[in-house]
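Peer 1: Sequence:
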Amino acid sequence: MASSSHYHYHNESDDDEFDSMAAEFLGFNDPFPEPKERKKRIFIERDREEGHRRLWIDYFSENPTYSTRLFRPRFRMNKSFFMGIVHRLSTEIPYFRLTEDATGRTSLSPLQKCTAAIRQLAYGEDLERLLHTGDDRGFPGMIGSIDCMHWEWKNCPTAWKGMYSRGTGKPTIVLEAVASKDLWIWHAFFGAPGTMNDLNILDRSPVFDDIINGVAPQVNYYVNGTEYHLAYYLTDGIYPKWATFIQSIRLPQTEKQSLFATYQESVRKDVERAFGVLQARFAVVKNPSKLWDKEKIGNIMKACIILHNMIVEDERDSDTIEEFQDEEFTFTVKRPTKAGNAIGRRKEVRDSHTHQQLKKDLIEHIWDKFGHFQNNNM
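Taking the working numbering, the leading residue of the sequence shown gets -14, the next gets one more, and so forth.
Simulated from the structure, these hints should not be mistaken for laboratory data.
Please note: incorrect hints may appear among the correct ones.
Unchecked claim - For lysine-lysine, the following BS3-like pairs were computed, each having C-alpha atoms within a straight-line distance of at most 27 Å:
1) K241 x K354
2) K98 x K275
3) K146 x K275
4) K155 x K275
5) K281 x K146
Produce the entire structure from the sequences given, and follow the hints as far as they go.
Peer 2: In structure tokens:
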């Protein structure tokens, strides 16, 4: 009967290699690894207590740095009324109360919080300021320029690509915006599919809702001796000939028309510059969006616009005391009337006859205002 034999070969180098691998796997080579150094959060001392003291001395002390005469133009209300708002907010809304953080240090004072909130509302490019800027630039009654920008949606759901794609074939979401001279975006309507043109988006846009519903302030101004009651936007040629839109002249035939076209096209680029600066500041709205959720994309766009406007306000060159002095305006703004007749106001907004007359008056006005300049520079 044949017997089987088993032979075992032993190699010390194999054992050493195995032990090394096991030690590396089990971490025996470094049984007590050094913990990673935790990065401390950067703390910036803003000296909020000193800020409250300076705010009090500047505006609210017995002998403030800035007199009562300057307080009302800056905050759009009397000091006593302002302090009443501070008292109500600090007693009724927890956010405006004085609190303490984990270290026992007090928060911003109710006066600081209320001043920041009310100042932002007062400086938010109100209608009077927009009209004044338009008047200075040769367009009385003009409150901004309107246009649309496309944001590519890279991860658009396949079932929606046909609705959001046109031209290049890439799906996009459209932002309609109105911007002023300092690139402040004070109207934004975001979410329309990229297949829509500016006219289709205008039909969905709420840009004229306040006027039609009777809640917008009433505006009166004069151009070339003619009185008008609706403010208007500068647009490109695709927009309709409404009383609230003024386009350029494609083929000007006279010097007056040529001068008007030059100024209109120059001022209208405010909104295009605003789009460019918005994309330069926030690459997320310049690059294709990789999100799937359209609502989240909209929130990102809104956040970028809000931050953009905050930067514009912070860097505004005209933020000086002289700007708040009383000025003689060539226009008036009255409180809105919530009366009916929404259909009548809608017709006024879309009145082509008013559009034609306003455009003729603007051509004459710009010629009278800037025609004597030889170089016709803005």
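Peer 1: Decide, hint by hint, whether the structure agrees.
Peer 2: To see whether the hints hold, each was checked on the structure:
Annotation: proposed proximity of K241 to K354 holds, straight-line Cα distance about 11 Å (limit 27 Å). The suggested pairing of K98 with K275 is violated, with an alpha-carbon distance near 37 Å, which exceeds 27 Å. Proposed proximity of K146 and K275 is supported: the alpha carbons are some 14 Å apart, at most 27 Å. At most 27 Å may separate the alpha-carbon atoms for a hinted pair to count; K155 and K275 meet this at roughly 13 Å.
Taking the CA atoms of K281 and K146, the gap is near 18 Å; set against the 27 Å cutoff, the hint holds.
Violated hint for the displayed structure: number 2, the only one.
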